[in-house]
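Using the sequences and the hints, build the whole thing.
Going down the list, the protein sequences come from chains A and B.
Be aware that the first sequence starts at 634, since it is given in the numbering used here, and climbs by one per residue.
Be aware that the second sequence starts at 634, since it is given in the numbering used here, and climbs by one per residue.
Certain hints may be false.
As the list claims (entries may be wrong) - Facing chain A, according to a computed beta carbon distance under 10 angstroms, are these residues of chain B, among others:
| no. | residue |
| --- | --- |
| 1 | Ile-680 |
| 2 | Glu-708 |
| 3 | Cys-714 |
| 4 | Ala-715 |
| 5 | Gly-717 |
| 6 | Ser-739 |
| 7 | Ser-803 |
As the list claims (entries may be wrong) - A partial selection of chain A residues facing chain B, derived with a Cβ cut-off under 7 angstroms:
| no. | residue |
| --- | --- |
| 8 | Ala-715 |
| 9 | Ser-739 |
| 10 | Glu-746 |
Think of the hints as simulated: they come from the structure by calculation, not from any bench.
Ideal Cβ positions, reconstructed from N, Cα and C, are used throughout, including at glycine.
There are 2 protein chains.
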Amino acid sequence: MVDISEQAITSVCTMQIRSAKLARKKEIIRSGTTVEQMVRSIADLIITGAMHPGERLDEISLANRFEVSRTPVREALSQLCASGLVCRQPNKSAIVTNVTQKHLASMFEAMAELEAVCARLSAERMTVDERRMLDAEHTASARLVYSRCEDEYEAHNIEFHTRLYRGAHSEHLAELANQTRARLAPFRRAQFRIPGRLARSYQEHDVVVTAILRADGPAASLAAYTHVSIVSTASTVFADTGTD
Amino acid sequence: MVDISEQAITSVCTMQIRSAKLARKKEIIRSGTTVEQMVRSIADLIITGAMHPGERLDEISLANRFEVSRTPVREALSQLCASGLVCRQPNKSAIVTNVTQKHLASMFEAMAELEAVCARLSAERMTVDERRMLDAEHTASARLVYSRCEDEYEAHNIEFHTRLYRGAHSEHLAELANQTRARLAPFRRAQFRIPGRLARSYQEHDVVVTAILRADGPAASLAAYTHVSIVSTASTVFADTGTD
DNA sequence: ATTGGACAAACTGCATGCACTAATCGACAA
DNA sequence: TTGTCGATTAGTGCATGCAGTTTGTCCAAT
Chain A
634 MVDISEQAIT SVCTMQIRSA KLARKKEIIR SGTTVEQMVR SIADLIITGA MHPGERLDEI
694 SLANRFEVSR TPVREALSQL CASGLVCRQP NKSAIVTNVT QKHLASMFEA MAELEAVCAR
754 LSAERMTVDE RRMLDAEHTA SARLVYSRCE DEYEAHNIEF HTRLYRGAHS EHLAELANQT
814 RARLAPFRRA QFRIPGRLAR SYQEHDVVVT AILRADGPAA SLAAYTHVSI VSTASTVFAD
874 TGTD
Chain B
634 MVDISEQAIT SVCTMQIRSA KLARKKEIIR SGTTVEQMVR SIADLIITGA MHPGERLDEI
694 SLANRFEVSR TPVREALSQL CASGLVCRQP NKSAIVTNVT QKHLASMFEA MAELEAVCAR
754 LSAERMTVDE RRMLDAEHTA SARLVYSRCE DEYEAHNIEF HTRLYRGAHS EHLAELANQT
814 RARLAPFRRA QFRIPGRLAR SYQEHDVVVT AILRADGPAA SLAAYTHVSI VSTASTVFAD
874 TGTD
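If you want it as structure tokens, here you go:
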């Protein structure tokens, strides 16, 4: 089963890259895109579970699969290594990083702490405009809950959290939060498919927003921490059944 | 003036790489070291101020300077980009990242928040052994203060903070802390040369340790936050005069 | 049967070359 | 004089080739 899906996904990715190459070869190459696409494709292979932790990512095979040379493959692997999805050792093949349940838990914990800090600082520091925008976005997303638009809500969700990070007015903190968030993405992907999760997510957001609008730092902090913790348990359930 | 120092440093780095290459060419190549050395060398160029923010890092010049081909240079730049020291855009030269005073402040703030979280969790979670080791190390470092051993104390200081990160028993949190710490290293380098800083650092550590041994999370958190904040102001003073 | 070593195949690390992009400079026109 | 439009040069992105290393396999010796 794994092999089949792997091949299927591989061919899909190859097609994407290939068509992109053909289409843009004489148009808007805007190069660098090749590597970027490869990063996404390989990341998807890992995220979707087509490649298992510990599996070798040898450069030649990947180069053949994606119909590019080894150079961009190497660069892509470098970036994936930096982002933590794969591991590299000198003179050895890159391998898909093992994410133990324990490590996953620690990532969610770090995420919760980061969001808590961001929420607190947001409550203290957001400008009037930022508060208004946060509130507006949040209110606007209510209808997505009732119409069960998981994908749209997901987009809104990202926007919401990004506003939280920016609102702390601490560039580096936002960077750490975004980075951790990206690294958790694979394990959080399907959380909104849990029945009722959408509505509860909205309610949790509501508590955070209310606290921030009141400039109540501690309350915002606690609400954000709780929110992420719930996402954590909701997601690890999926991680268990989905990837293992 | 810039050009002179740049050339001087360049030749030094080139020599390092060159001699390394010659020495290891037939011995213990342990490859991957080439790129790693380049990363350090270029990072040093940036950290020491030999290259100014916004300055171009063109691959060919670097390849010539270090007497290697462009391939490892590109990989080194990739890694430096991932670590945040340089920025890259498609089809443009990599440039030294601008670290504004504001961004620097945000990094220190993030560091303070991270350490605060780690200290709190350490107070709550450290095993008996970890507490004992932390205390022992801290107590042992007292004599370094009186004998004014800045370098040794610096080494101890790193060990102390690393124990704090590990003590939180959250792998990813420790990773974030270490990463941020590494990124701040250039700006914190000379803090212990401020008269009396050593003794005060020890006292601040003492407050943290005491709180952790008492399993008093909030106190540990506050103490760690305060400690980093003080380091921040002590260091930015140097950043102002040293790098600008 | 098991273990040790040697050989072979596969793969990584780096160098070099080519195609395409971007930027700078000069020329021409307004 | 200035603004705009080519052309040339410098530099990036990717492909390919070679050297060195690792790993897997096979044979021999214990």
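*Any of the earlier hints contradicted here, and which numbers?*
1
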